[in-house]
Amino acid sequence: MTTPVVGNQRTLGFSQPEPSRPLRKPRTSLKVRNALIGWTFILPNFLGFAVLTLTPVITLFYMSLTNWNIFGTAEWVGLENFARLVGDKSFHIALGNTLYYAALHIPITIIVSLALALLLNQKLRGAAFFRTVAFFPYITSIVAVAVVWNMLFSPEFGPINQFLGMFVGGDLPGWTVSKDWAMPAVIIVGTWKDMGYYMLLFLAGLQTVPTELHEAARIDGAGAWQRFWNVTLPCLRPTMFFVTVMVTIQSLKVFDLILVMTDGGPGQATLVLSQYIYQKGFEQFQFGYASAIAVVLFLICILVTVVQFLYNKRRDA
Amino acid sequence: MNRKIMSAFGVAAAASLALTGCGGESEPEAPEGPVTISLAGWDFASTPEFQTLADAYEEANPDVTVELKEYPAGDDYDTALTADLSAGAAPDVFIVKNLKNYVTFQEGGTLLDISDVAAELDPETGGLEPMAVDGATYAVPYRQDSWLLYYNKELFEKAGVDLPDGSWTWDDYAAAAEELTEGVDEKSVTGTYLHSWQSTVQGFALAQTEGAALDGGDFSFLAPYYERELALQDAGAQPSYATVTTNELTYQAQFGTQKAAMMPMGSWYIGTLVAEQESGAADTFEWGIAPIPQLDESTTGTENTPVTFGDPTTMGINAGIDESKVETAKDFLSFAAGPEGAAALAGIGITPALIDDTVADAIFSLEGVPQDELSRFSYTTHETLPENPVGQNTAAIQTILGEMHSAVMSESTPVDEAITEAEERVANEVG
Amino acid sequence: MTARTSPFRRFGRVLLYVTMIVAAAGIMLPFAWMVISSLKLNNQVFTAPVQWIPDPVQWSNYIDIWVKADMVTWVRNTLVVSVAVTFLQVLTGSFAAYGFAKMRFPGRDVLFLLYIGTIAVPWQSYMIPQFQMLSSWGLNNTLWAIMLLQAFGAFGVFLMKQYYESIPDSLSEAARIDGLSEYGIWWRIIIPLSVPALASLTIITFVQTWNDYLGPLIYLRERPLWTIQLGLQSFIGEYNAEHALIMTGSVLSVLPIALIFLLGQRYFVQGIATTGVKG
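Residue numbers (the working numbering), protein chains in the order written: chain Y, 1 to 317; chain R, 1001 to 1431; chain S, 2001 to 2279.
Check each hint, because a few of them may be wrong.
As a list, the in silico DMTMM-like pairs of lysine to aspartate or glutamate whose alpha-carbon atoms are at most 20 Å apart [claimed, not checked]:
1. K1153/R x E1120/R
2. K89/Y x E1424/R
3. K1153/R x D1116/R
4. K179/Y x E1417/R
5. K1158/R x D1134/R
6. K1158/R x E1186/R
7. K1325/R x E1058/R
8. K1187/R x D1165/R
9. K179/Y x D1283/R
10. K89/Y x E1157/R
11. K313/Y x D2109/S
12. K1153/R x D1165/R
13. K179/Y x E1179/R
14. K1153/R x E1286/R
15. K179/Y x D263/Y
16. K31/Y x D2109/S
17. K1153/R x D1357/R
18. K2068/S x E1178/R
19. K89/Y x E1286/R
20. K179/Y x E1186/R
21. K179/Y x E1178/R
Hint data in this document are derived by calculation from the structure and do not stem from the laboratory.
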């Protein structure tokens, strides 16, 4: 198969995921051929995915339109569950808390993990050791993580407040047992736990940045900041898109960490959507209603992702 | 819960039991040939109650094999069992562990009607009456723990405080806690310890307050109980809720290693403490059990019956059970919830739902259990009301009250404000 | 480093290292607490204030967990599941990603959004329908269920697709001219260039399966099938918990992963430039 290599090259020798654009061969047969080959690549994964993930997810969408207590048969109620969400104050609180968590956790995590990746991508002595250390929070058991951070945050005995007490007088934050400070505390721990994970993804992306480009930019007299802005970041765009989407979705879905750290408390100060779904489903057996909340969460995630997707496409074009 | 309503309800339930009892007079015939029934339980390594019941039953019925199926302990039991029930993969007999899920299980059609088994049981069986839903019973209690007051005799003596004598109200308890804290005068030892569970405050308030009801929409009965606990933690007479949760304190360590002189806790802790003192996990010290403090003097003193709370643990039959095994399963339930099962459980230090003298003798003959009069009185004499009265909305209301508990105890929200908020939420979200 | 070492620069370096070492110590604190707790008596694990030095030191926990508990079984099951899931996820994910990244056909973007869409649905909201489905095939209470659950997720496809997109097309074009098929390009050109992404996907999938709790909780009942996380959780009984043993098990469960990560370093930072592909 011969394909002319024209018009695809962009600066930096990089091209985007443009397909080979045939000039002489008939378009349709090649299109079909391409589609067939494309599908053979996707099929092995798609079969498992369609059966094991997609089917239950579609069932979930159906369940969101029913009244189902999990054991009996589901009773069709149309959009009743969604109508109930409009007036459900706890749902509003959970939604607000989820957005609060995401709004802070997403940018902080991206910045911190990118900075870590840039730092540890250099030829530093002991870089391997430090990379392993940065990855540790991600592999450490979440129960241990919650226990230790809760102790660190303990208002009376915790080292954090003892340290703060040396500088600040008056009332110290109550952290995980205070309505105002529980969410910041959880965000701190969330970022701390996730940074190594996203650092690893950025690190992989950084390997695609050609060193010659950096050298060339350096010779042109570009400073470190300029090189980062004009060379590293553009080359990192696919990874950046991936990380942004993943951080966004995972922040909106945050569950385990909050469950073990505060269990949504005090009061409803850290109640998030995923936890509310679990509460409604597994504690109160309102699976239909829980499914409706999951659908809303899904729609929010998808909305944000599509915006990111289109933005990314436009930048590519 | 209002005890008048309770007793009226009790009469109705007893009448309905009697009615159903008429229908099922004949003893179920034991089926011929070997039968195997499966039983769900948890934590087999350290909670031998399921093995004990199975062994005792198999010994009495050589034809039957009781096959144990292990589930995770704690709240995970419900998650895993729910999954199995929904997929039709649950065992023949399973434990309805949390009373608040009972109605959902029943409405979901997962439980077989076992009114005939219930009718044969001793009406004295703790927690049996409230299990009737519209006249039919779907699960029977086989064990029932009640909440008691544990105290460390040595710390009391050290502080020069009089031992509990059964006459305490909560105010006496609070005063003693403060005296003990001062009297022992050690930085890491407090007069009492209150665990972080919502039941440690709400369970008592609900059981002891006249007219209190979970689904009545009025939670003002909780206020005095919360005010008292907040005062105790502010006075330093018990570790604050903030410390208990952030340092994940365990009640076993707090009382067992003598960091608290008193502790309200369920009767299951008797067995745990005895075992831990024997293994060395807990310090060796002399302890005792007293009735849980009362709201006012009308129920204090050994001539009265102290009011406390505790949910029964109940057993039901999977509605999907094979037809041929139903009789055996029912027979197993009668056994487990009856006097033979009770004796077997008491033999390993577990409090059965049916407490008679044999049971008390068995428990108090265990090595390491306190032998004083008051301990025995507290163990055998109490009116135990459920923490989670059987009802349609119990689970949803408890979630709201649980959130209120953490808001109040962490001192994020003042008591009255939190109560008003909880009342509004129940009106808005439940029903 | 070609930079001259001026005193100012050297001071900066020292400062950087001091900062990094302090930060590293802070980051490792929870792990340190795990190790310390694993050497304590059970009732000493949770105290206020925290007791940082175990007294007496309980080395026996590290023997007990093998002797008294089924740690060997748990490790074996966890290993089987993690290896199988990682293998399937990396293989099918990296294969499918080529279709999404380098081929163009109608419906591709929609299909891809569908993949990402499922990431956006919390698992606990559809785990019951999924469980009912797998149970109806008789797969509950088997390790197969756990393998199937995680092996075909969208994550691997997404990660690999994005990585492929940063590989210059000029390389595959050249290969195409040389007559290599699309499969050949994937195997000979793209895969060797994607080592850092494959390594990341491998370790992440492995860790996720290794540490998964809710999946095994729902699916696995019988003791011979338990995974490490499930086994450790069983130390939390109804009325008491073996906190010290849980921490012992957690330390043991983290170490192999940390070791793999440390040893696999060069794969994470293997740049395109260093692989020596000349087109």
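Status of each hint after checking the structure:
1. K1153/R x E1120/R: Not OK: K1153/R and E1120/R at ~42 Å, beyond 20 Å, violated.
2. K89/Y x E1424/R: holds (10 Å)
3. K1153/R x D1116/R: violated (47 Å)
4. K179/Y x E1417/R: OK: K179/Y and E1417/R at ~14 Å, within 20 Å.
5. K1158/R x D1134/R: violated (54 Å)
6. K1158/R x E1186/R: With a Cα-Cα distance of about 11 Å, the restraint between K1158/R and E1186/R holds, given a limit of 20 Å.
7. K1325/R x E1058/R: Distance ~15 Å between K1325/R and E1058/R Cα, so the pair holds.
8. K1187/R x D1165/R: Status violated; Cα separation ~27 Å.
9. K179/Y x D1283/R: violated (38 Å)
10. K89/Y x E1157/R: Violated. K89/Y to E1157/R sits at ~52 Å, over the 20 Å cutoff.
11. K313/Y x D2109/S: holds (11 Å)
12. K1153/R x D1165/R: holds (12 Å)
13. K179/Y x E1179/R: Given that 20 Å is the threshold and the Cα spacing comes to 32 Å, the pair is violated.
14. K1153/R x E1286/R: Holds: K1153/R and E1286/R sit about 6 Å apart, inside 20 Å.
15. K179/Y x D263/Y: holds (13 Å)
16. K31/Y x D2109/S: It holds: about 16 Å lies between the C-alpha atoms, which stays within 20 Å.
17. K1153/R x D1357/R: Violated: K1153/R and D1357/R sit about 26 Å apart, past 20 Å.
18. K2068/S x E1178/R: Roughly 43 Å between the alpha carbons, so the hint for K2068/S and E1178/R is violated.
19. K89/Y x E1286/R: This hinted pair is violated, its Cα atoms lying about 51 Å apart.
20. K179/Y x E1186/R: violated (32 Å)
21. K179/Y x E1178/R: violated (29 Å)
Hint check: violations occur at hints 1, 3, 5, 8, 9, 10, 13, 17, 18, 19, 20 and 21; the rest are consistent with the structure.
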